[in-house]
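Chains as they are written, first to last, in our numbering: chain C, 1 to 345; chain U, 1 to 345; chain E, 1 to 345; chain L, 1 to 345.
A couple of the hints might just be wrong.
Chain copies aren't distinguished; within one or between two, either way the pair holds.
What the hints assert, rightly or not - Calculated cross-link-like contacts (lysine-lysine; reagent style DSS-like; alpha-carbon spacing at most 27 Å):
1) Lys172 x Lys144
2) Lys2 x Lys95
3) Lys95 x Lys165
4) Lys2 x Lys165
5) Lys144 x Lys170
6) Lys190 x Lys165
7) Lys2 x Lys188
8) Lys190 x Lys144
9) Lys2 x Lys170
10) Lys172 x Lys2
11) Lys2 x Lys39
12) Lys190 x Lys39
13) Lys139 x Lys2
14) Lys39 x Lys188
15) Lys190 x Lys172
16) Lys170 x Lys62
17) Lys170 x Lys188
18) Lys188 x Lys172
19) Lys190 x Lys170
Hints are computed from structural coordinates only; laboratory data are not their basis.
Number of protein chains: 4
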Amino acid sequence: MKPLRVGIVGATGYTGSELVRLLHTHPSANIEIITSRSKEGVCFSSIHPAFHGIEDRELESKDALRDRDLDLIFLALPHRVSMQTVADLGLEGPKIIDLSGDFRLRSAEVYESWYGTEHVAPELLEQAVFGLPELHRDKIRGAKLVANPGCYPTASILTLYPLIKHGLIKTKGIVVDAKSGVTGAGAKAKESTHFPSVHGNFSAYGLLNHRHTPEIEQELNRATDEEVQFLFTPHLLPVDRGILATVYAEPYEGVRSDEIAEAYRQTWGEEPFVRLVNQPPSIKSVRGSNFSDIYSSFDPRTGRVLAIGVIDNLVKGAAGQAVQNMNLMFGLDETLGLTQGPIDP
Amino acid sequence: MKPLRVGIVGATGYTGSELVRLLHTHPSANIEIITSRSKEGVCFSSIHPAFHGIEDRELESKDALRDRDLDLIFLALPHRVSMQTVADLGLEGPKIIDLSGDFRLRSAEVYESWYGTEHVAPELLEQAVFGLPELHRDKIRGAKLVANPGCYPTASILTLYPLIKHGLIKTKGIVVDAKSGVTGAGAKAKESTHFPSVHGNFSAYGLLNHRHTPEIEQELNRATDEEVQFLFTPHLLPVDRGILATVYAEPYEGVRSDEIAEAYRQTWGEEPFVRLVNQPPSIKSVRGSNFSDIYSSFDPRTGRVLAIGVIDNLVKGAAGQAVQNMNLMFGLDETLGLTQGPIDP
Amino acid sequence: MKPLRVGIVGATGYTGSELVRLLHTHPSANIEIITSRSKEGVCFSSIHPAFHGIEDRELESKDALRDRDLDLIFLALPHRVSMQTVADLGLEGPKIIDLSGDFRLRSAEVYESWYGTEHVAPELLEQAVFGLPELHRDKIRGAKLVANPGCYPTASILTLYPLIKHGLIKTKGIVVDAKSGVTGAGAKAKESTHFPSVHGNFSAYGLLNHRHTPEIEQELNRATDEEVQFLFTPHLLPVDRGILATVYAEPYEGVRSDEIAEAYRQTWGEEPFVRLVNQPPSIKSVRGSNFSDIYSSFDPRTGRVLAIGVIDNLVKGAAGQAVQNMNLMFGLDETLGLTQGPIDP
Amino acid sequence: MKPLRVGIVGATGYTGSELVRLLHTHPSANIEIITSRSKEGVCFSSIHPAFHGIEDRELESKDALRDRDLDLIFLALPHRVSMQTVADLGLEGPKIIDLSGDFRLRSAEVYESWYGTEHVAPELLEQAVFGLPELHRDKIRGAKLVANPGCYPTASILTLYPLIKHGLIKTKGIVVDAKSGVTGAGAKAKESTHFPSVHGNFSAYGLLNHRHTPEIEQELNRATDEEVQFLFTPHLLPVDRGILATVYAEPYEGVRSDEIAEAYRQTWGEEPFVRLVNQPPSIKSVRGSNFSDIYSSFDPRTGRVLAIGVIDNLVKGAAGQAVQNMNLMFGLDETLGLTQGPIDP
């Protein structure tokens, strides 16, 4: 089979550079073009010096996408810009994997209430498939537009889904206490992510109304007739990469410890990128890799379930998952180009 | 008034050196002796080079304590060693502030079940006062033996107590998701606290059975007739100092947002070292200081209370609180020697 | 004596907040006013949450300085803005300590060539005293305008001066390999100081032409008839505070190891804030304090002198040194308000 | 061609786990056995949880090496243990790549004076090839025993060699100011590498007598008739991975800036893993990869050459270089299994 011809739209952010890192060693995909509005004409490696000698190509205008006979376009753009770009490109040409939040929510109204802006392509929402392979593998295979999940949702859904699908926990009163590395906040310098503000520091932020909340609820609600409702509290960790989600839930009366473990095994036991672990996982154990490590336990003293999930927010939480989706969309082995082990220590 | 004559037993750990830092600028206390079993005869500053020129005295044997006409002895020792030392010293001479866990629990049985060792001085337990000034100020004033609280308990109790005392939350199903800097694990090098194991990393540890659990429950139970039961999950932050506790609880039906804020104001409004803040607090905002910053809110969507408290684990969580207790025990202004502002950034 | 009445101009940067931290516990100085152009009317503690309850005053306009009967004004401003402010205030009223680079160089021409801008108050340059007390204590006592040294120069000069003054090293071919924490780059968020750019990272910057070079040369040249010339290479450390300068020099033929040690003892032996240490110093051993720790040695194998100096760039490298200068200018004990020990760990 | 059958001796350290990471995705080598004296019978992934599901095999005794029909054995052992193991294995069977310091120095006497222990296999020293492919590619191809270079020497030699080989700098008075991440100090927990000792900290160590000094001198001396002599100062960076070496040297009279650049181009221009860069390199730009980035410049003001080199100490400074050597020893493409891009940010 000829290698896939792919394009990347948006080169200055972290998801863009991480896509380049992963696609660079992918055996069945070639990057044909990388575009950037703000840095057109500049070399990719002059923005990202780590790629010197690896990816030195000049960034182009989006207009050049049409001439490259592409199979697939990755959009590594801010939300709003991304939906407009999808609307412009249409779904008749190359398939699209959108890494922004613009096509993750099925309802334009919900989108508008959480993102505070009108959706410009609501008619495409129902064609978009939520790109979490562990939940939607079959639909992803046939999709023209994949909405790659957010980093917090990936970690949260993978950690909670088995408990809800198997009807083991009450769907109200769930707590997701999440902690993310700073790359999750993007490549743009801000006061809150200035090095001296974060180093040696730790705090919660975006309390009670983080945009990833409806995305998590939407996906968990697919697994149950009950309405899932949880409190999501993100915190900023003084590390570059990694998300850890600590989840607390109340099991239904009579649920046993072994049923919990069994639910995880049945749901994720065969997944190539989910590892069920016996010790509390650490974010460095998945750094640079597409793995999600998940731990679960039951506390008899308080009668609560405690589950912990970790991912690398830029890999399983963004670019790696996008490549996993690409593999599915084109009938490749799902793990192709994603077998690098974690960088630890 | 003559300055207090104080001794410090245990010089090699972090609580020992932090006591020296704070007492060095205390206007009404002089360190007369510092002892160490393992480093007798060695200069304090050769173990702690930051104290070069500040505290160069030679470490002595515990036997020398008797000759110094001391008013107060701080014990900065591991548990087990500490209770034996208290038993040896007795309570007839200098007053004692014990920074270990040995006298914090009122029941020898509870102690033995969580610490896995027999208590050698159970008869002294009822004379020991739990040294959290915000709860036990009056008893501390008259105490001969103060059990200085643990770092996690200080943060957790200060964050939860107003809600329980005012009867606003259900006492079951409380979650304390706590995150601590590595100095909380002590000065001894271990594989789990080796720099490459912690840098860029984050994980939970000591799940479901951390020794600080009964200490928190004991103190919160004083405030209510209900039995308080909570799930306590500690995590290891890649920072040197600081604890942040994120607390989740279910309020009783009908509790209003303003009642929650009012409970905090009534309980801690006059406290010199508790700051009620309107934004989620960060650990660096209290670094090096004796402050505890506390934030609270109510989430109408999920009907849960969310409260967040931070301290510097070595100051308000250890040495600073010990100095605060000393001030109370000797009739000094409670804030004496503790007015340094936080080191931020 | 009545406490000094001081004002701080410039509240949003790190030197401004560090001045507040130190002056807050100074026994003989009261802050009467803090000004800010960009944040007039805002509370100091809403910009710097660590100061909640410590310094909540509203920031004022510079115009209000005249009404407060001040003894001293600290300027914590960017260069250019600072010299204009000094020109506007004049030297007839309150004394001034300028923490910018605008009055450190005696020659307006040298200033203009390194800073790339005209000096607007060249006539004041000769009245300005370079505020390194270890070199200019007497002149500082009588100064109306003190130019507080830069952080790199403070570390570099303290480390090199004894060798040059005692004529022990050749004044050409000196290497200063310097490493600074990120607060040295200021409080403004930039791409190069974005947390993910710095965490886990290390690199040199500003090669061959860092603005602190002429300041170091000027001061070292006072000590010798030879022309001092050195290569200064700054590096960015992934820490918030601290500078370490590693200095390499070639001694004159016949210079002995003990002469080197003796030169340091004679030059800095009585200094309250310089500690001569026998082990390579670390930046954390001075964190939060006004100390500079200096180590020196001679390598017989290569015939080179190696000396290492450390400071906290925000204290001895900025605000602490400014307070030390204030103490001198007003006849106070030089160490007043500066006796806090380092925060280590 | 059949995949190589390789064994790894020593599994608990960082070089052992990094070898597993790299060999896991190597297309022409299979790990047949991993041994450990202290952890025999334990799963590799229970010591290194990041490898859960990737490398779960049980660690075996060294005795089992003989039965596996191996092509190559990697020794990831402490020095002393390593030379005894080579002596025991002999050079008649599988080829050996030794990652310790035991066979890097050609002279047993020099070894003994720097390592303070007798060399037990001095007769093998002349068969050992110093495994820096950029210098000894041809000899490595035919070697039975390769001594994989140390991390500091790899960075230092690559940075200095072109200047010396082309006779551009004086061989006395060279300064190598080196900074290393903490993994360079090994996986064993020590007080000096305890997280709170290193976080927020920076210092020099091992002054004037670091064991890597003779290794660097030996290799540089091959390129010149003059005796090379330099001052090597290692510092400990608060990061996990990465080495940056800042090199200062005095060029011979009349050397021009373009000659320096040309020397680097001629010497390293065709090297697959050396990247000559135009901006000061950062350690994160090579993190996780086998690249070495090198920058050079000439300072006309002081007449000095400044060159900076970076590597990932565990990859180009250890396991990656070992794999590069393996590729050469078995006639494979030198870059096989080493094309992963850096993990940045």
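Against the structure, the hints:
| no. | hint | in the structure |
| --- | --- | --- |
| 1 | Lys172 x Lys144 | neither (35 Å within a copy, 48 Å between copies) |
| 2 | Lys2 x Lys95 | within (17 Å within a copy, 39 Å between copies) |
| 3 | Lys95 x Lys165 | neither (31 Å within a copy, 54 Å between copies) |
| 4 | Lys2 x Lys165 | neither (39 Å within a copy, 46 Å between copies) |
| 5 | Lys144 x Lys170 | neither (36 Å within a copy, 49 Å between copies) |
| 6 | Lys190 x Lys165 | neither (39 Å within a copy, 40 Å between copies) |
| 7 | Lys2 x Lys188 | neither (37 Å within a copy, 48 Å between copies) |
| 8 | Lys190 x Lys144 | neither (35 Å within a copy, 38 Å between copies) |
| 9 | Lys2 x Lys170 | neither (49 Å within a copy, 55 Å between copies) |
| 10 | Lys172 x Lys2 | neither (49 Å within a copy, 57 Å between copies) |
| 11 | Lys2 x Lys39 | neither (30 Å within a copy, 46 Å between copies) |
| 12 | Lys190 x Lys39 | both (20 Å within a copy, 18 Å between copies) |
| 13 | Lys139 x Lys2 | within (24 Å within a copy, 39 Å between copies) |
| 14 | Lys39 x Lys188 | both (14 Å within a copy, 23 Å between copies) |
| 15 | Lys190 x Lys172 | neither (35 Å within a copy, 40 Å between copies) |
| 16 | Lys170 x Lys62 | neither (47 Å within a copy, 53 Å between copies) |
| 17 | Lys170 x Lys188 | neither (39 Å within a copy, 43 Å between copies) |
| 18 | Lys188 x Lys172 | neither (36 Å within a copy, 43 Å between copies) |
| 19 | Lys190 x Lys170 | neither (39 Å within a copy, 40 Å between copies) |
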